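So the protein lines, in turn, are chains A and B. Take the first sequence: its letter number 461 is residue 461 in the working numbering, and every next letter is one higher. Adding 1000 to a residue's 1-based position in the second sequence gives its number in the working numbering.
None of these hints come from the bench; they were simulated from the model. This one's a predicted model, so the numbers in the text were calculated from it and none came from an experiment. All C-beta atoms in this analysis are idealised placements derived from N, C-alpha and C, irrespective of residue type, glycine included. Be aware that one or more of the hints could be misleading.
Unchecked claim - In silico contact screen, one side only, chain B against chain A (beta carbon under 10 Å); selected entries:
1) Arg1302
2) Val1304
3) Pro1305
4) Arg1311
5) Thr1312
6) His1318
7) Ser1319
8) Arg1321
9) Val1326
10) Thr1327
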Amino acid sequence: MSPRPGYVLEVDRTTPPTLFWHGESFRLERLPTGSRVVYAPEPHEPLADPVAAIRDALDNPLGDSQPLRSLLRPGMRLTIAFDDVSLPLPPMRRPDVRQLVIEQVLDQAASAGVDDVVLVVALALHRRMTESELRHALGDRIYDAFAPHDLLWQHDAEDPDGLVHLGVTDRGEDVEINKRAATSDLIVYVNINLVAMDGGHKSVATGLASYRSLRHHHNAHTMRHSRSFMDQDHSELHSSNWRMGRLIAASGIKIFQIETTLNNDAFPEQFRFLQRREWEWSMRDRAAYMGASSALARVPARLARSVLHGVAAPHRMTSVQAGEVEAVHAVTTANVYAQQLVEVDGQTDVLTMGLPYISPYNVNSILNPILVACLGLGYFFNLYRGRPLVRPGGVLIMSHPTTPDFHPGHHPSYIDFFEEVLADTTDPAEIGKYEEGFATDPWYVHLYRTGNAYHGVHPFYMWYWCAHALDHLGAVIVVGGHRATVRRLGFKSASTMADALEMAADVVGPGPSITHLHTPPLMIADVR
Amino acid sequence: MKALVFERVVPRFAAARVAATLRGSGRGAAVGPLRLLDQDPPATPGPDWIHVRPRLAGICGSDLATVDGATSRYFEDLVSFPFVPGHEILGVVEPSPGAGASGSGSAAGTGAGDPGSAGDGTAAGRAAGASAAGASAAGSSAAGAGAWASLQPGERVVVEPVLGCVPRALEPLCPACAAGDTGSCQHVAFGHLSPGLQIGYCTDTGGGWSTAGLVAHRSQLHRVPDTMSDEDAVMVEPTACAVHGALSAGIVGTDTVAVIGAGTLGLATVAAVRRLQAPSTLLVGARYAHQRSLAVELGADRAVPSVQLERTVRRATHSLRSAGQVTAGADVVFDCVGSVDSIAAALAMVRPRGRVVLVGMPGRVTLDLAGLWHRQVALTGAYAYGTETVDGTRRRTFDLAFDVVADAHLGRLVSARYPLERFTEALAHAGSAGSRGAVKIVFDLDQQPPRAAPGAPAGRSTPKGRRA
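Using the sequences and the hints, build the whole thing.
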């Protein structure tokens, strides 16, 4: 039986309560009659033999590209770059798709007699991965073959000797990327396209870039004009990356792009109720919900966080394509859309969402208040194609505890951003005056380069991600959030969903239309 | 007439300490050695002494430590029991008993040539003479003989409470007093007065927490300008402490300065640093929101919650962190709290070879000083006042404090006034001033105790003040 497509439910008197994520826990909320609930499509069938599919993709590339094995020769410099810990979400069960792909690439490189091979984690300004995270992504065999010989690198956007400036685009954008990659005879980029935003020229132009380069598209103006990030043709973020990517190609740098898509099977059997529509919950699902929600609510947040971050997703690969960047990405994007698009008829006055414990930037970490804002306004709000799910001037209601907790090792500059910048202004256009000071702060640079910290400028990027939503919305309300923290973010607090809906009516008028985005699992609302 | 009298009763010390530990600062007053008693005005110890009737008297952090039995034993030999606390005093000059308002031996003295002028043979005169002759310490106001001479009964005065060589009629003056640095006098347990660092800790002089009045040496009195409010005037003494601390740090224009704590001393320090020095950046760590607002109003560039100050200093000085301390850090840190935590924080955020100034009174603390040694940090105290050098000119600290108070309108820090009879409430309020949105709590010695309505419990009326 083929998987069912996405579905928009209209709530009536018989509809059971709707599940909302609430950080490290969940809640059941009864939405007013007439509300809509948007459900993701069911997970697509995975590839029956992913290894064979990978080999086939490498041998039959798309676009203007030769098969990988014909690009490999003895004496060449080969750099294999791959996506970092921010993908996929939640982290997938072993073997990770990166391991499957890179093993095949290395097999072909070995067969061709290539012995100058370096693996580079395409961190951009993200934190360095830990050994266990690298072993999880690459598998022990690859890790043990490369890491002890200093052949497994983590991209360092602050290493003056490790970067090369390739030029400036016709819009004045600096293109500066990893020197090892830029001076290689071939870059093989191994990508995971969890959402439509990922991949394409963004892989190298962002993942291997420096702050000097990234600042041209990671800013309030670009983010405000990316509508949405999931729709490449209407995203200034992507336009900038594509200009940079074409400059990289024009510089003579050869990239062999390998992109993979995953199904949206995000939760294992014990959390299967999170994947299912509430009226279809079995007795076992109800029991699992009650057990999990009461247990997670009773234990300290730290323990609940640890339990949830230990959950590995049963994601499976649904496609793999390789070759020339743009040709590959066009197919990849179509495959992502096939899995995630849900047709929705018209916008809503009020959009509700439950925010989970995880985002791309807090794997094995804490979803701090800035990441809460980014997850809701930067990511979930932008899960649309066409028009935003909520109308201009509408209200976004997010459910999350939003406690003022930060991981000091992973997010040190976030703490100061929260205390110093947001205390002054929450306007994405205004915070730019602080950006340089954070970006060049020697302590943040040190922690980024030597520890496991996000770059000092990263919280600014998270706030820039919110720019489009903040421009578009009339109000943002957080249900069940720490009040002072929510206020610092510039949002409103509500104790209950009913209170939040009443507050929303003050903004959009009485009897508003309400739509709930039932994510995760991930989806993209195709708003007509 | 009434006075709050602090007696040496060991069991009550213990009770005060327990009460303060269990119920919070200032709570020792209800069970400790402090008692409200009927009392007559103290006798003048000599011809240059004047009766002063307190009008407002502040409650200081050191007073709270005293009533809570938490003061360091260091001070045991430097006070005399029983004493009337209160050293932040705005008062009114009283006629001497049996003398006319301007008669010989009165408060007013007899003019420029009266006994007590420079060279007249009294200790006060010698102090002024010594200053004029050598150290230029006396400055222009109350410490100068002319200023003493012009005081008239009914005039408002601020008391400079240190009981150094001049009030004690010690001859010759110690080097500190001869130089006008009265706060550094080490003879506060000697002379014809009983031991006592200051008025407010000496059994012979009385103190500010009294309607019976106190006695002060003429050299200790500063006339209050007519344009200055009572609230401003009662802030002069704590501000003088802050001025002395601020000027002791040797701040230069490129310095980053941090102030830990924003109670009365912290806020006065902010005001003093901003007005008398010109640091490039002045950062303040304060526990409560109203303190942070006041700090910014008084001149701080940024005021942040206390726990954020070290991070803010690190950011401002583009510093790394190592061994739990910032690698660059503030050039000067003023610790206006005086606790183990605040001193440790100060040492963690000061730069190598920087200076930590303890403005708040510390007690016995246990600290790891390895960082201080390794980073060659100067840890220094700033007690009381004396004479300062500003722009090459020697001026009395109190004169500078008058200027700072007037310019910064520090009378705004006076949050509530209590009659003496409600001292337990007043001290409890002072002990929890920050959490109750207050800064400085004072006794209003002109205020009559509220009359209890029939059947109503006594002492329940709202204090007169701007903040609760």
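**Report entry** Enumerated hints in conflict with the structure, sorted upward
**Finding:** Of the numbered hints, all hold.
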